[in-house]
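Asks: Residue strings, one per chain:
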Amino acid sequence: GENVEQHPSTLSVQEGDSAVIKCTYSDSASNYFPWYKQELGKGPQLIIDIRSNVGEKKDQRIAVTLNKTAKHFSLHITETQPEDSAVYFCAASNFGNEKLTFGTGTRLTIIP
Amino acid sequence: DAGITQSPRHKVTETGTPVTLRCHQTENHRYMYWYRQDPGHGLRLIHYSYGVKDTDKGEVSDGYSVSRSKTEDFLLTLESATSSQTSVYFCAISEGTGFLGPQHFGDGTRLSIL
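From first to last, the protein sequence lines stand for chains F and A. Residues in the first sequence are numbered from 1 upward in steps of one, following the working numbering. Residues in the second sequence are numbered from 1001 upward in steps of one, following the working numbering.
The set of hints was computed from the structure by calculation and includes no laboratory data. Zero decoy hints are in this set.
Calculated cross-link-like contacts (lysine-lysine; reagent style DSBU-like; alpha-carbon spacing at most 30 Å):
| no. | chain 1 | residue 1 | chain 2 | residue 2 |
| --- | --- | --- | --- | --- |
| 1 | F | 99 | A | 1053 |
| 2 | F | 99 | F | 58 |
| 3 | F | 58 | F | 22 |
| 4 | A | 1053 | F | 42 |
| 5 | F | 57 | F | 22 |
| 6 | F | 71 | A | 1057 |
Go ahead and model the full structure; you've got the sequences and the hints to work with.
Replies: Here's what the structure looks like:
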């Protein structure tokens, strides 16, 4: 089955700087890659997703890049703000398999 | 927010007792999922449903059963709870349009088994 590895497990950045979280996947058939943000006491919330037919997607300060050859994808957050502090999860799935495999999460802390 | 309600939000129970968690959706989505979240493991799929009375196992299904008698409700049952099942349980829903509609999560049930 699919295996998703996520790094780093913790990340601290100064407010205003950029943060990058990386994930690798094992199944070359995977073609859908969402990112979730989880705040304390809440469920994961979808923040951005990308399908394998595109290499990059942006939404304001958030972007995701995908390298299918290397089987890795990354979340980029620019101009970080205190409210970006949370746990972030990557995930992967493939067409016809309506299940997600999650990474183990990254705790992002924004230092004021 | 997606219309997902999990109940109860918190529960403490003893080893060997049966426990049922409920997930209720108002979105009329076809797919519903149960995950458990543990430190160092992320979210792991327990069971999922692709329609009324249609369910399948996930990667950590041992010790759990599910039922879906109505589109809006998906129940997770621990027949005889063990301490290893202490966890936070999340329900998710998806349209599952055939190219994996995004999954949306509820706010979880924190279950402690003593």
